[in-house]
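J.: Taking numbering that gives the first Met the number 0, the leading residue of the sequence shown gets 0, the next gets one more, and so forth.
It should be emphasised that the hints constitute simulated quantities derived from the structure, not laboratory data.
Wrong hints could be hidden among the right ones.
Label-pair restraints from in silico Cβ distances [to be verified]:
#1 Gly233 with Arg116: 28 to 36 Å
#2 Ser281 with Asp103: 38 to 46 Å
#3 Met147 with Pro125: 34 to 42 Å
#4 Asp218 with Asp103: 17 to 25 Å
Beta carbons: idealized from backbone N, C-alpha and C, even for Gly.
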Amino acid sequence: MVATSIQRACFATLITAESLLPGLAVFSHSLLRSDYASAYPLVVMVTPKLSQRGRTAIEQMGCIIRDVSPIYAPPTHNGESVLAYAHFSEVWTKLRAFDLTEYDKVVLVDSDMLVRRNMDELFDLPETFWEAKKIAATFACTCNPRKMGTYPANWIPENCGFRLQTRNTLNVTNNTTRLGTSAPETHNLLNSGLVVLTPDAQVMEMIVHKISTDAGVNDYRFPDQDFLADLHKGRWHILPWTYNALKPLRYCQSEMWVDEEVKNVHYIIDKPWLSGPPPPSSADFVTHSWWWEAYRSLQASTRSNLLMELWTELIEKNVSE
Numbered sequence: 000m001v002a003t004s005i006q007r008a009c010f011a012t013l014i015t016a017e018s019l020l021p022g023l024a025v026f027s028h029s030l031l032r033s034d035y036a037s038a039y040p041l042v043v044m045v046t047p048k049l050s051q052r053g054r055t056a057i058e059q060m061g062c063i064i065r066d067v068s069p070i071y072a073p074p075t076h077n078g079e080s081v082l083a084y085a086h087f088s089e090v091w092t093k094l095r096a097f098d099l100t101e102y103d104k105v106v107l108v109d110s111d112m113l114v115r116r117n118m119d120e121l122f123d124l125p126e127t128f129w130e131a132k133k134i135a136a137t138f139a140c141t142c143n144p145r146k147m148g149t150y151p152a153n154w155i156p157e158n159c160g161f162r163l164q165t166r167n168t169l170n171v172t173n174n175t176t177r178l179g180t181s182a183p184e185t186h187n188l189l190n191s192g193l194v195v196l197t198p199d200a201q202v203m204e205m206i207v208h209k210i211s212t213d214a215g216v217n218d219y220r221f222p223d224q225d226f227l228a229d230l231h232k233g234r235w236h237i238l239p240w241t242y243n244a245l246k247p248l249r250y251c252q253s254e255m256w257v258d259e260e261v262k263n264v265h266y267i268i269d270k271p272w273l274s275g276p277p278p279p280s281s282a283d284f285v286t287h288s289w290w291w292e293a294y295r296s297l298q299a300s301t302r303s304n305l306l307m308e309l310w311t312e313l314i315e316k317n318v319s320e
């Protein structure tokens, strides 16, 4: 797809630490320089704590750096947290994507992803979608195959929204996935690994105010995505699973998953660069092998256009071989 000159649009992600750069290196290359590269730029939102060499590496990857201020929830009364993972305390800042008002359309993505097919059609949702300032996202997978104790009790396979999707629900603009009146509450949950949105300064101001003043936000286990799901309950556009193909879906919802249909795989939980090359017995063998194949190819060719010193210090040293 060729981006028109009048379409001000971008992909955007958040990087807060050097340890996240291996994921960004592979993701940005797959998005910007692969055979299925996007016509749109990747804006990387960075916070003040990211090192200067980290910023330099991001620029050498061909990304646009955007400085943003962190967003934090207010402290809890008892000092305890219900977050599913401790590092989720930083993900509120992802919502700074609503502040990218130099663009008309933004696809917010996580950097622990791998693009396998072009997905620029996400910017071609109907004008009514953009005018209404809706968001689009995929369901949250509530299968919880690892039986994580920090996940809600109603996160079971029977309540997973992806059970509604089949190979017949892959059209991004005319998705036939619909929620019934008796649908479980979990069907209202989204995964914020990929969110299509319209930047808006007033919306951004409202979001920051609510997060910083409403102690109720501390009840969210998955902060930014639970917040967005509540804010847009009953209004968000359900995307096909292929745009945010959560890797556990390959075995949790195997009747839906087709390898060749995946546009963008999302490496939630265990990261392939931290867990090392997968053994054939691993449930994630196929999806993690995709990442390692992309990494090896990048390592043997352009190294994301990074100077060797930066590649060695920021990428290779943060990858578990």
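J.: Take the hints in turn and mark each one as holding or not.
T.: Going through the hints against the structure:
Against the hinted window of 28 to 36 Å, the Cβ-Cβ separation of Gly233 and Arg116 comes to about 30 Å, which satisfies the hint. Distance hint check for Ser281 and Asp103: the Cβ-Cβ separation is about 42 Å, which falls inside the suggested range of 38 to 46 Å. Judged by the Cβ atoms, the range 34 to 42 Å given for Met147 and Pro125 holds: they are separated by roughly 37 Å. The beta-carbon spacing between Asp218 and Asp103, approximately 34 Å, falls outside the hinted interval of 17 to 25 Å.
Checked against the numbered hints listed earlier, the structure breaks hint 4 alone; every other hint is satisfied.
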